[in-house]
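Asks: Here is how the chains run, residue by residue.
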Amino acid sequence: MSKYRYLCFLFVSMLVPTLAFGAGETVHWMTPHYTFNRTTVIAGARYFAAHCMACHSVSSLRYEYLTADLGMSKSEVMKDIMLPSGAAFKGTIDSPMPSDMAAKWLGKPPPDLSHMDRYLGSKFIYTYLLSFYWDPARPSGWNNYVFPMVAMPNILAPWGGTVGPKGQVIYPGKLSPAEYHKNVADVVAFLRYASDPSYFKRMALGPYVIGILLLFTILAYLLKTAYWLDLKKKGRHVDSRVKRS
Amino acid sequence: MTTVTDAEHDHKNITRRRFLTAATSAVGVVVGGMAVVPLIESMEPTAAALAASSTTVDLSPIEPGMQVTVPWQKKPVIIINRTPEMLASLKETMDKGILKDPLCKVPQQPPYCTNMYRSRIPEWYVGIRICNHLCCIPHYRPKKGSVAPWWLGGFHCPCHGSMYDLSCRVIQGSPAPHNMAVPEYEISTEKMSTTITHMYPKAHLC
Amino acid sequence: MSRFSVWVNQRLPLDETVKEHLTEYFAPKNFNILYYAGSLLLLMIVMQLISGFFLMAHYDPTSQGAFASVQGIMYDTNWGWLIRYMHVDGVSLIFILLYAHMFRGLLYGSHRTPRELVWIIGYVIYLLMMAEAFVGYVLPFGNLSYWAGEVITSIIHAVPIVGPSLTTLARGGPGVGTATLQRFLALHVVLFFLIILAAIVMHIVALHKVGSNNPDGIEIKKHKGADGKPLDGIPFHPYYTVKDLFGVGVFLTIFVTIIFYAPTMHGIFMERTTFLAANPMVSLPDVTPPWYLSPYYAMLRAVPNKYYGITIMITSVLLPFLLPWLDRNPVRSSRYRPVYKTMLIVAGISFITLAWVGEQPPLPKFFLIERVATALYLGFYILLPIISTIEPTRPVPERVTG
Ligand code: HEM
Ligand code: FES
Chain F
5 MSKYRYLCFL FVSMLVPTLA FGAGETVHWM TPHYTFNRTT VIAGARYFAA
55 HCMACHSVSS LRYEYLTADL GMSKSEVMKD IMLPSGAAFK GTIDSPMPSD
105 MAAKWLGKPP PDLSHMDRYL GSKFIYTYLL SFYWDPARPS GWNNYVFPMV
155 AMPNILAPWG GTVGPKGQVI YPGKLSPAEY HKNVADVVAF LRYASDPSYF
205 KRMALGPYVI GILLLFTILA YLLKTAYWLD LKKKGRHVDS RVKRS
Chain V
-10 MTTVTDAEHD HKNITRRRFL TAATSAVGVV VGGMAVVPLI ESMEPTAAAL
40 AASSTTVDLS PIEPGMQVTV PWQKKPVIII NRTPEMLASL KETMDKGILK
90 DPLCKVPQQP PYCTNMYRSR IPEWYVGIRI CNHLCCIPHY RPKKGSVAPW
140 WLGGFHCPCH GSMYDLSCRV IQGSPAPHNM AVPEYEISTE KMSTTITHMY
190 PKAHLC
Chain S
105 MSRFSVWVNQ RLPLDETVKE HLTEYFAPKN FNILYYAGSL LLLMIVMQLI
155 SGFFLMAHYD PTSQGAFASV QGIMYDTNWG WLIRYMHVDG VSLIFILLYA
205 HMFRGLLYGS HRTPRELVWI IGYVIYLLMM AEAFVGYVLP FGNLSYWAGE
255 VITSIIHAVP IVGPSLTTLA RGGPGVGTAT LQRFLALHVV LFFLIILAAI
305 VMHIVALHKV GSNNPDGIEI KKHKGADGKP LDGIPFHPYY TVKDLFGVGV
355 FLTIFVTIIF YAPTMHGIFM ERTTFLAANP MVSLPDVTPP WYLSPYYAML
405 RAVPNKYYGI TIMITSVLLP FLLPWLDRNP VRSSRYRPVY KTMLIVAGIS
455 FITLAWVGEQ PPLPKFFLIE RVATALYLGF YILLPIISTI EPTRPVPERV
505 TG
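These protein sequence lines map, in sequence, to chains F, V and S.
Heads up, the first sequence is in my numbering, so the first residue is 5 and it goes up one at a time.
Heads up, the second sequence is in my numbering, so the first residue is -10 and it goes up one at a time.
Heads up, the third sequence is in my numbering, so the first residue is 105 and it goes up one at a time.
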């Protein structure tokens, strides 16, 4: 298989989660359990910066948005999220890994994750992150139930543990499954924010905008009834004030 | 009789209509205003434009007496490494009393540049090279006597003849009202670099 | 009248126009909820113009920059998300209104004589809106845009003889790229949009020439008072202006709720595949048109033959033009025509079903439903000329009811 077709195959298999069904395996889509609020998203952002940002960008986002949208302080962002690679606070959240290098190491460049949540959905990302298994036949040693022939290694194995193709535990992780699943759910929450950055603004503003429009609607309704009273009266179907020439 | 109550009722109803018309219009105006604000704000520079808005210039190749003009936010910014004679000429123009605003009282520069050098470090002048009159780019004329016999060095605008000294302070008799604008910048002689960050908001470009 | 307004009115027929179209335009007093759609469509066209203007201030029509510039609107522009959601969700709401508006016309026989031209101009607007929506859809250059552009421009390929050169002309090159985006942008904001505006003006002028129909489908001009005004008519202003203002309030509240709480409407108003940049190398697993066009797409798929499929699709798009003449019953409103009403509702449900299957993956399990719905929908048009001549009708009232 030419490298090119291989890449295409990878991409397509990612686009078509149903391919996994075709392969005769049943995927149990797992729903991440998290409350979507700023705390969860900040936890996810920290986790993402520590574990994912070495390879993946979320380049539609800027560091400064983490302060404006999530309420982190500038120093927290600089300390916990920004990479020491000379990134600017107003700049986009880019991975320091040059993509040609990444292509060499991993077989394909890690995709930008800005819109992944809206594109693939939270369930897919969550299940994908929890579906790695050890497969010595693969160059990286890793394979994935929902994304066969995955190029990404299971970088979370030290925390979540390593399982074999049949789901048997090879090494247990440093974290309990509950803690680990919570961390992964936080990352999913962060990616959801990344793909829908206006979420918190909309939630904050929505009630006021709807409120004033409702007020307008009620007033307009009363105005309408005040005028239409004319029609209720017998024999008079138009407002006496409307001049008839 | 019915006509009386009808008339009374009509009268009440018309007052009610007037009130409701006013109230609905008022809320309607608020709703419209609420829509207009975001629309206008959307036309402001985007975060991407703002992130790309600062420019860093390496000062090491600029020897004393030299100048470079660099683009910053689509505007020419001049950086001059002034020699001691040039700095002395700034005092001279003041003594001659030919400047419109020798003490830089008009905030055409950030507070940290409100001095006769109009700069953070006397030698290094960093300023926007745009004539305060009608936005032309003045010629740099450092040589004494080059524009007029009394000329001590400075800028001469080709459009309507505005004259400035080597701190870009405007000379009397020029059509330009104020000194040329100085943006906000940071400068370090250790790193030999300067970063122009943003426009000084009170300064009036032209 | 002040001297100034006299001066103006001697030169510009302001008062006359206001009288003709508002204060002395007599509309039947029994309009129901379906009659809000017309004025709301006017509102929405203006809203699209405004939001579109501000989007265009940031849009870059190149294959390199289009996707990034649209994401820049969503992430980097002040309130850009609000403006884009207004524009995108606005399209879906316009089509909901258009379908309600057209269905209203069929329910009450508003397309029948003397309002044939109102109907035909209206239907032309609908077709133009589809074209407008399609070119707009390609502009953000997500992967869905790209493939939609490819697929639709290749349908033109099927046109006999000139097809291939027309396709190249539409794309401005061998494939969908910068040239396509630039000409689509020009069509979207200039040509199509201006024609739509002109058609809307003609639509309303034509309507006001013959007067509005009403849910009873009877002519209010038959019963005039001593002053020569229809007894069942009321001046549009102030009665319907205040009523429509209330409609605007309700509608905007719904619109804003969608924008703030469900801007993608779970992938219906904004499909998930719009969030991936255009990629000529990767076709999409789910190339389905937006919901408002999917009924026709489903009809295309229902026929297992390329040319018959395209023929059925085009026929079903064009058939509504003939409706004023296909219907032969002297009674207009379905209120007094139970059989017609049933047929219309069946056709409506088939259309919605087709919209739904059109969004499903092209799997054999949907074929039956697709074909049945297509047959029922087209059946309406085929049976109408016969049924309308023999169907029983209820007595029609002299004066409007309710
Ligand atoms: C953007 C598109 C459109 C706009 C702005 C628009 C606007 C209007 C307005 C303001 C009215 C008068 C108010 C009312 O009766 O609701 C009207 C009436 C009408 N429209 Fe449209 N319209 C549009 C599209 C269409 C389409 C696509 C059709 C059908 C193919 C259509 C058919 C009619 C008919 C038959 C009437 C007369 C209704 C009656 O008198 O009962 N319109 N339109
Ligand atoms: S613009 Fe410089 S003198 Fe007029």
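Careful: at least some of the hints might be erroneous.
Unchecked claim - Restricting the straight-line Cα-Cα distance to at most 30 Å, the calculated cross-link-like pairs of lysine-lysine (DSS-like) are:
1) V:K80 <-> F:K78
2) F:K94 <-> V:K64
3) F:K236 <-> S:K313
Stated by the list, open to error - Which bits of chain S does chain F cover? Going by a derived footprint, with three or more residues having C-beta under 8 Å, they are:
4) 352 to 360
5) 493 to 504
Treat the hints as calculated values from the structure; they're not laboratory data.
Yeah, the Cβ is synthetic: ideal placement off N, Cα and C, and Gly gets one too.
Asks: State for each hint whether it applies.
Replies: Structure-based check of each hint:
no. : hint              : verdict
1   : V:K80 <-> F:K78   : 43 Å, violated
2   : F:K94 <-> V:K64   : 21 Å, holds
3   : F:K236 <-> S:K313 : 28 Å, holds
4   : 352 to 360        : holds (count 6)
5   : 493 to 504        : violated (count 0)
In summary, the numbered hints that this structure violates are 1 and 5.
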